[in-house]
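J.: As given, the protein sequences belong to chains A and B, one line each in that order. As numbered in this note's numbering, residues 1 to 159 make up the first sequence, in order. As numbered in this note's numbering, residues 1 to 170 make up the second sequence, in order.
Each statement offered as a hint is correct.
Just some of the chain A residues that point at chain B, by a computed CB distance under 7 angstroms:
no., residue
1, Y9
2, P21
3, A28
4, E32
5, S134
Negatives, chain B to chain A, calculated, CB over 12 angstroms:
no., residue
6, C69
7, L118
8, P138
Derived by calculation from the structure, the hints in this document are not laboratory data. Given the structure is predicted, the values throughout are model-derived calculations rather than measurements. All C-beta atoms in this analysis are idealised placements derived from N, C-alpha and C, irrespective of residue type, glycine included.
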Amino acid sequence: MSTSLTAPYTTAFDFERTVGPRIGVFLAGLRERRLLGVRGSRGRVLCPVAEFDPVTAEATGDYVELDPVGTVTAWTWVDPRPADPLDSPFAWALVRIDGADDSFFHRVDTGGDPSLLSSGLRVRVRWAAETVGSIEDIVCFEPVTDDEPSGSAPSGSAP
Amino acid sequence: MSSVRPSTATDLPAPVRTISAPFHVDYTYVAGVGRSVYLRGMAERRFLARRCPGCGQVYFPAPQHCARCLQVLDPPFEIPGTGAVSTFCIVNLPFPGQLVEPPYVVAYINLDGTGNKLQHRVLEVAPGDVAVGMQVEPVWTDDDRLEPSLASVRYFRPADPALRDGGHDA
Chain A
1 MSTSLTAPYT
11 TAFDFERTVG
21 PRIGVFLAGL
31 RERRLLGVRG
41 SRGRVLCPVA
51 EFDPVTAEAT
61 GDYVELDPVG
71 TVTAWTWVDP
81 RPADPLDSPF
91 AWALVRIDGA
101 DDSFFHRVDT
111 GGDPSLLSSG
121 LRVRVRWAAE
131 TVGSIEDIVC
141 FEPVTDDEPS
151 GSAPSGSAP
Chain B
1 MSSVRPSTAT
11 DLPAPVRTIS
21 APFHVDYTYV
31 AGVGRSVYLR
41 GMAERRFLAR
51 RCPGCGQVYF
61 PAPQHCARCL
71 QVLDPPFEIP
81 GTGAVSTFCI
91 VNLPFPGQLV
101 EPPYVVAYIN
111 LDGTGNKLQH
121 RVLEVAPGDV
131 AVGMQVEPVW
141 TDDDRLEPSL
151 ASVRYFRPAD
161 PALRDGGHDA
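Take the sequences, apply the hints, and build the full model.
T.: The structure is reproduced here in structure tokens:
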């Protein structure tokens, strides 16, 4: 009689939440397989998009179109959980998107091999087969291979 | 080379308004040595209470230590499980996992012989006929549904058969 009973429990809520108007444009961009950033009040480019500048707290400004390519700045290696879309171990990483001044937190898939990962690794977005307007439209980032350009040439006229 | 291109507002997609953000946690509930005493009693249709040797407070369900003076509680003893409605509300809203069709009463019950309150349903009575002070008694599940859980008590009902409507059986 001196031992404690235990039981499996589950707590679950099917929340639906609003995202804010600017993050909403960012997510809608993902649905079109476009990566959008936004200019903060200090002129820095934020990607993912934020509603407010993280330092000045002022509303963010114009959107910018970014190539879905960047550089790993920090990472940690993990085993996949049941809810993760990857079957093999991968990294949670900070990725600095080319042209952005902050970091994007997402998965990096190197096919289960941690030795292929390093700070400075060039990576690109792997899009989901079906996009819905969610951060999960990006399945993960994956290494840029040698036989492809690290970023497509700018198509706009701005230098 | 810059990969940043100005993007005019005219080619921006209409914003997503909401996203699905489900919250889901699987975990193991550990009842503790003290509360396991009452839970095991539930599987045997017994209300096992415990008294504090320091201040005399009687608990059901009982923890291992008195909440007032922190002494280890005395060994369990059986109480009848009858009590009086202390306060109650009428549940009118449906929600997932609900066991009884609304409207129904959820009450805090002063169990006879204890100094704390127990929350449970009060059925077999029209919600409008429930009153503070009403004497109630437990209704147990069938033998094959008994378990170390308060769910072994299906609900409470008026102790006086004349006050029961018999129509709201959970």
